[in-house]
Amino acid sequence: MSNLVTTLISVLVFPGLFFILTYSLFAQWVSRKAAARLQNRQGPLHTGWQGILQPLADFIKLLVKEDITPAAANKPVFDFTPLFIFALPLAATFLIPIQSITNLWSWEPVASFEGDLIMVLFLMSIVVLAIFLAGWSSGNLFGAVGATRVAFMMLAYEIPLGLVAISPAILARSLSINSIVDWQVASVAAFLTTPSLWGLVTGMVLFIGFAIYVICLLAELEMRPFDMSEAETEIVHGWQVEYSGKKLLLLNAGHDVKMVLAAALLTSLFLGGPAGPVLPPFVWFILKTTLCVLILSNMSVLFARFRIDQLVSGAWRYLVPLAVLQVMAVVALSGVI
Amino acid sequence: MSDRQFVIPIGPQHPALKEPESFLFTVDGEVVVDVDPRIGYNHRGIEKAMEARNYIQNLYITERVCGICSNAHQTAYTGAVEEVAGIEIPERAKYIRVFFHELERIHSHLLWLGVAAHEIGFDTLFYYIWRDRELVMDMLEEISGNRCNYAIPTVGGVRRDLQKDKFPKWHKMLDTLAERTNYYIKVASTEQTILDRAVGVGYVGKEDMIRLSGSGPNARCSGVPCDTRKTAPYLIYDEIPFEHIYVDNGDVLGQVLVRALEVLEAVKICKWVLDNIPDGEIAVKFNPMQKVPEGEAVYIVEAQRGELIHYTISDGRNMPYRHKIRAPTLGNIPSLVERLKGGYIADIPITLAGIDPCFSCTDRMAFYDEGKDKSWAWDGEQLRRHGLEWYKK
Numbered sequence: 001m002s003n004l005v006t007t008l009i010s011v012l013v014f015p016g017l018f019f020i021l022t023y024s025l026f027a028q029w030v031s032r033k034a035a036a037r038l039q040n041r042q043g044p045l046h047t048g049w050q051g052i053l054q055p056l057a058d059f060i061k062l063l064v065k066e067d068i069t070p071a072a073a074n075k076p077v078f079d080f081t082p083l084f085i086f087a088l089p090l091a092a093t094f095l096i097p098i099q100s101i102t103n104l105w106s107w108e109p110v111a112s113f114e115g116d117l118i119m120v121l122f123l124m125s126i127v128v129l130a131i132f133l134a135g136w137s138s139g140n141l142f143g144a145v146g147a148t149r150v151a152f153m154m155l156a157y158e159i160p161l162g163l164v165a166i167s168p169a170i171l172a173r174s175l176s177i178n179s180i181v182d183w184q185v186a187s188v189a190a191f192l193t194t195p196s197l198w199g200l201v202t203g204m205v206l207f208i209g210f211a212i213y214v215i216c217l218l219a220e221l222e223m224r225p226f227d228m229s230e231a232e233t234e235i236v237h238g239w240q241v242e243y244s245g246k247k248l249l250l251l252n253a254g255h256d257v258k259m260v261l262a263a264a265l266l267t268s269l270f271l272g273g274p275a276g277p278v279l280p281p282f283v284w285f286i287l288k289t290t291l292c293v294l295i296l297s298n299m300s301v302l303f304a305r306f307r308i309d310q311l312v313s314g315a316w317r318y319l320v321p322l323a324v325l326q327v328m329a330v331v332a333l334s335g336v337i
Numbered sequence: 001m002s003d004r005q006f007v008i009p010i011g012p013q014h015p016a017l018k019e020p021e022s023f024l025f026t027v028d029g030e031v032v033v034d035v036d037p038r039i040g041y042n043h044r045g046i047e048k049a050m051e052a053r054n055y056i057q058n059l060y061i062t063e064r065v066c067g068i069c070s071n072a073h074q075t076a077y078t079g080a081v082e083e084v085a086g087i088e089i090p091e092r093a094k095y096i097r098v099f100f101h102e103l104e105r106i107h108s109h110l111l112w113l114g115v116a117a118h119e120i121g122f123d124t125l126f127y128y129i130w131r132d133r134e135l136v137m138d139m140l141e142e143i144s145g146n147r148c149n150y151a152i153p154t155v156g157g158v159r160r161d162l163q164k165d166k167f168p169k170w171h172k173m174l175d176t177l178a179e180r181t182n183y184y185i186k187v188a189s190t191e192q193t194i195l196d197r198a199v200g201v202g203y204v205g206k207e208d209m210i211r212l213s214g215s216g217p218n219a220r221c222s223g224v225p226c227d228t229r230k231t232a233p234y235l236i237y238d239e240i241p242f243e244h245i246y247v248d249n250g251d252v253l254g255q256v257l258v259r260a261l262e263v264l265e266a267v268k269i270c271k272w273v274l275d276n277i278p279d280g281e282i283a284v285k286f287n288p289m290q291k292v293p294e295g296e297a298v299y300i301v302e303a304q305r306g307e308l309i310h311y312t313i314s315d316g317r318n319m320p321y322r323h324k325i326r327a328p329t330l331g332n333i334p335s336l337v338e339r340l341k342g343g344y345i346a347d348i349p350i351t352l353a354g355i356d357p358c359f360s361c362t363d364r365m366a367f368y369d370e371g372k373d374k375s376w377a378w379d380g381e382q383l384r385r386h387g388l389e390w391y392k393k
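Residue numbers (my numbering), protein chains in the order written: chain A, 1 to 337; chain B, 1 to 393.
If we strip away everything but chain A, and leave its shape as in the complex, we get (with noise of 0.2 Å):
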């Protein structure tokens, strides 16, 4: 019974959906904030304390707008793809770990089973495809432009996104991303007790594949410069264009949830997840989470949009060659350490 309690609570409450949505909105937050103070702009200013209850009033405004659906769309598709692109994402944050609601200083995630990684990254391609049914269901020339340009963004960067996510289960020999922390944690601990050039060595190629992973996770967040799926001055929004209403909020709530699955993943992945000295596990996590997510606004204002033909050429070019590097170093480590 009080298994079936605690199970509950961490799906609805914490860490699961309340939790998740809670942070996803001050993620946006913090990533329009950051973005806005770089750009020399205020951001949201006036709703709350510095406008941290923005997005909150942004959903709440989207629910009381109308909600169209065009006469040339797809009826069923139209309808049902932004449910799928606001719930594949949150079903995959259960799977990292955060924090255990029975003990303080645990971070069992609500699931866990030997291949989750290779669930959550199923997920995460499952989404585009979603998007890309949502944009070309919308009978919009401008929607299908985005869809078609949604499908060649994931030829681009899937590829790096998988091999490079794999090399710390490499090192960790386990495709559960709870023992991949666990791992991190150990080796780390290790490694402050007695340094070794071997771990330095390991620090840095997986300093590499962080690199190489924000850069794919940008192009999956479709956030400059890999945006040019929703380029606002070329396609209108793209395959965004006819959504409206409680529509556009689901593709929104969507969005805010990816780019914390993004960071956390990150996060999990190389930054030794919700680990850390003093704090329970769940602090570290949005301490961790949130740097992340400063990481990735601010290289969303560094650069001007790329084209379509660009980032996959590019991405075939360089990015592909170094991730396959990157992995072929970790196996090589994995044999040393």
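One should not assume that every hint holds.
[Claimed, not checked] Computed cross-link-like contacts, SDA-like style, restricted to lysine to any residue with a CA-CA straight-line distance of at most 25 Å:
{"no.": "1", "chain 1": "B", "residue 1": "LYS341", "chain 2": "B", "residue 2": "ILE210"}
{"no.": "2", "chain 1": "A", "residue 1": "LYS75", "chain 2": "B", "residue 2": "PRO9"}
{"no.": "3", "chain 1": "A", "residue 1": "LYS61", "chain 2": "A", "residue 2": "LEU45"}
{"no.": "4", "chain 1": "B", "residue 1": "LYS18", "chain 2": "A", "residue 2": "SER244"}
{"no.": "5", "chain 1": "B", "residue 1": "LYS341", "chain 2": "A", "residue 2": "LEU141"}
{"no.": "6", "chain 1": "B", "residue 1": "LYS186", "chain 2": "A", "residue 2": "LEU45"}
{"no.": "7", "chain 1": "A", "residue 1": "LYS75", "chain 2": "B", "residue 2": "PHE6"}
{"no.": "8", "chain 1": "B", "residue 1": "LYS94", "chain 2": "B", "residue 2": "ILE210"}
{"no.": "9", "chain 1": "B", "residue 1": "LYS18", "chain 2": "A", "residue 2": "ALA36"}
{"no.": "10", "chain 1": "B", "residue 1": "LYS341", "chain 2": "A", "residue 2": "GLN310"}
{"no.": "11", "chain 1": "B", "residue 1": "LYS230", "chain 2": "B", "residue 2": "THR193"}
{"no.": "12", "chain 1": "B", "residue 1": "LYS172", "chain 2": "B", "residue 2": "ASP161"}
{"no.": "13", "chain 1": "B", "residue 1": "LYS186", "chain 2": "A", "residue 2": "ALA36"}
Bear in mind the hints are in silico, worked out from the structure with no lab data behind them. Predicted model only: the values in this text are computed from it and were never measured.
Dock chain B against the given chain A, drawing on the hints supplied.
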């Protein structure tokens, strides 16, 4: 059209266009194969309205032809009218007109640079450039009281004087502008993501540009030296030392460079004007009821977007018999079509914005029957009736 090709409409309403204008793009995948521009969505009957008002009232109409090049239109209009009326304006007025002409060029070019950065998705640069543009906007506001539509030239001179005690402050502001512009030139010519989106995009060579009769920065970026301030100097431009800016890149990077370098030259001209401005009257008297002798005149100025032509005919009354405005964008559209063909969809916004289009200046309305080779125009009453009929359907 093969089944791989489809037509994307850009406009009349589109975020890349700040004004309503329609372009039908035939695309093959991501590549543009054909462009069909359709101008004429923004017809306001300004030339007709001018025929019913006297020369002073028309000042306010010409100023409102365009929001960005309002001063250029007024400069050209007053120049043409003064030529017909045989008015010689005071020397100091000429200097003040040049000062405003160049300040407006600075603000327009900086505005364009920001918009160009926005079109290639580099919003950070856009915000920075527009922040620095506030300097020149502040100067314009300080002198004229307005951020656009300054109402400075009038028939017979200018309406406001420059105050001597403000000169050191303006010198300092202009120096800051030059310094920031130099920084943006450095950013635009070294930042790799900008170069990826600008080099080779929308290329038109020198011969093609001459054949397609482009003007302004659009032509000068293809290596055609066509700055009216140098080729046919007006006001006091023959006395001012400044460079004739043109580059032979022919692409979007060339357009960025031409405009950025012209900002630097405009700053130089403004500083020269502040140093050399003579004392004296700023206007000779011109009465709104004053009759202007019969005659006609053409006055050409170099507006920010290119060669701006005002042509006026007087039949001896106190209002023009006909006033014709030829805005630079009209001449730039053939080369714009050439620039767009063969490019990517992703490059459409920056190429479109590249000529700094101003459709409100450009649009006219006339009917043309291709079969009979006959053209005619409608008057206001016919237009009104057509509008009523159209919405009854």
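Evaluated hints:
1. B:LYS341 - B:ILE210: 18 Å, holds
2. A:LYS75 - B:PRO9: The hint holds at about 24 Å.
3. A:LYS61 - A:LEU45: Cα-Cα ~17 Å, so holds.
4. B:LYS18 - A:SER244: Measuring from Cα to Cα gives roughly 23 Å; hence the hint holds.
5. B:LYS341 - A:LEU141: 20 Å, holds
6. B:LYS186 - A:LEU45: Distance ~33 Å between B:LYS186 and A:LEU45 Cα, so the pair is violated.
7. A:LYS75 - B:PHE6: 23 Å, holds
8. B:LYS94 - B:ILE210: 31 Å, violated
9. B:LYS18 - A:ALA36: 24 Å, holds
10. B:LYS341 - A:GLN310: 19 Å, holds
11. B:LYS230 - B:THR193: Cα-Cα ~35 Å, so violated.
12. B:LYS172 - B:ASP161: Status holds; Cα separation ~20 Å.
13. B:LYS186 - A:ALA36: Distance ~23 Å between B:LYS186 and A:ALA36 Cα, so the pair holds.
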